[in-house]
Amino acid sequence: MMHKWLRWCGVMMCWMCFAAPAIAQTRQLPQAQLKSGLAFAGADVRALQADEFGNPAQLWLARGAQRWREPQGAGGQSCQSCHGDAQQSMRGAATRYPSVDVKTGQLLNLEDRILQCRSQQQKGPELLRESDDLLALSLHVSRASHGMPLRVDISGPAQPHWQQGQRQFFERQGQLNLSCAQCHDQNHGRRLYTDALSQGQPNGYPVYRLEWQGVGSLERRLRSCFVGVRAEPLAWGALESRQLSLYLMWRGEGLPLEVPAVRK
Amino acid sequence: MGNARLLLPESMAPGDVVKARLLVEHPMHTGYLQDLQGRLVARNVILLLTCDYGGREVFRVEPSSGIAGNPLFEFFFRVQNPGELRVRWVDDRGLAGELLHPVTVQVPAGPSAGA
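Line order of the protein sequences matches chains A and B.
Reading the first sequence from the start, the letters are residues 363 to 626 in the working numbering.
Reading the second sequence from the start, the letters are residues 2 to 116 in the working numbering.
To be clear, the hints were calculated from the coordinates, so they are not data collected in a lab.
What you are looking at is a predicted structure, and each value in this text was computed from that prediction instead of being measured.
Heads up, the beta-carbon is just placed ideally off N, CA and C, and yes, glycines get one too.
There may be inaccurate statements among the hints.
Stated by the list, open to error - Restricting the straight-line Cα-Cα distance to at most 20 Å, the calculated cross-link-like pairs of lysine to aspartate or glutamate (DMTMM-like) are:
no., chain 1, residue 1, chain 2, residue 2
1, A, LYS485, A, ASP474
2, A, LYS485, A, ASP463
3, A, LYS465, A, ASP413
4, A, LYS626, B, ASP36
5, B, LYS20, A, GLU414
6, A, LYS485, A, ASP495
7, B, LYS20, A, ASP413
8, A, LYS626, A, ASP463
9, B, LYS20, B, GLU58
Unchecked claim - Simulated coverage check for chain A against chain B, where a stretch passes if three residues somewhere in it have a Cβ under 8 Å from a Cβ of chain B:
no., stretch
10, 414-424
11, 570-581
To be verified - Sample of chain B residues with no beta-carbon within 12 Å of chain A, all distances over it, derived:
no., residue
12, VAL19
13, HIS27
14, ARG40
15, PHE60
16, PHE77
17, GLU99
Using the sequences plus the hints, can you model the full thing?
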């Protein structure tokens, strides 16, 4: 009896050790102070994003709407055959990724999920990562969540991923020996040479970046950050990149999704 | 490639000078940048873009490499008869694009012809 009780105590202690810090997730950036990257952008970039015709991401949105309706593969199924109108069926979906796939237990971002659906359900020709077609579809799906607050699930199987993401966010990296937090938590709003430091919020992805002259994913943006601090960029498709994205999405919880967004 | 959008005012009367906005999908590679694998991307820019309306050229531009990717052009022209705007462009690779856009002109509701 005593033995059993001790074991129960042990389990409880373990539970408290591991679960307690996760429950007391402290936010370095209070939610009331969250600011979209748009707030740090110049007037011309803000004007381009607000311009419903001139926003260049409209070209990708038009392409995405087209790809959504196109039958693919032997079954001749389009995304629309199963999911109907994306603006209805995909409402809020983009605010919940990255999330853990129930079947495989893998942490997937929105692009991964589209690729998975494409290969396993639709059985169409494979879309290339970071291709315009994949980004267009991702943008089309994200459009259905425009204005909705970010809200990822970090409980259960997602929790260790969130912890890894958090660890990465606070870890110094690269030749400049900087962590994400040092710029984006502690010094946002200040200037790095001529650039205003943003909070590094993920609420506008996939984004049209003037530097890229095209649309790119959050994964591509994170790789750019790694290059920025002269660290080795994460490989395409790396789990670490999804974990960091999950942490960023949690960190920006409540910010409205901006699609289609334009950044410098 | 070859995708473009054109915007005209919702209502136009004969004789009006109207603004056309034209957004063309094109990477406008300058030849100095690298792709995601670090390979230099060969120069590929729009060499010439023209816009015809009613059998006449109303807009012509040679954008070259100083213009950003997915360029947005704005120009003015005088509408007369209903017809269509025909935009054509060609780039360094010899790829040509074309966009046809209808021009609908409202007949003014003036005094009737019988009067």
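Hint check results:
1. A/LYS485 to A/ASP474: 15 Å, holds
2. A/LYS485 to A/ASP463: 19 Å, holds
3. A/LYS465 to A/ASP413: 41 Å, violated
4. A/LYS626 to B/ASP36: 18 Å, holds
5. B/LYS20 to A/GLU414: 16 Å, holds
6. A/LYS485 to A/ASP495: Roughly 16 Å between the alpha carbons, so the hint for A/LYS485 and A/ASP495 holds.
7. B/LYS20 to A/ASP413: Since the Cα atoms of B/LYS20 and A/ASP413 sit roughly 15 Å apart, the hinted pair holds (cutoff 20 Å).
8. A/LYS626 to A/ASP463: 33 Å, violated
9. B/LYS20 to B/GLU58: 15 Å, holds
10. 414-424: Contact hint for the stretch 414-424 of chain A vs chain B: holds, 6 residues under 8 Å.
11. 570-581: Satisfied; 3 residues make the cut.
12. VAL19: Answer for B/VAL19: holds, closest chain A Cβ roughly 14 Å.
13. HIS27: At about 9 Å from chain A, B/HIS27 fails to clear the 12 Å cut-off, so the statement is violated.
14. ARG40: B/ARG40 clear of chain A: closest Cβ-Cβ about 15 Å, beyond 12 Å.
15. PHE60: 17 Å, holds
16. PHE77: 16 Å, holds
17. GLU99: Correct as stated: the minimum Cβ-Cβ distance to chain A is 16 Å, above 12 Å.
Hint compliance for this structure: hints 3, 8 and 13 are not met, and every other hint is.
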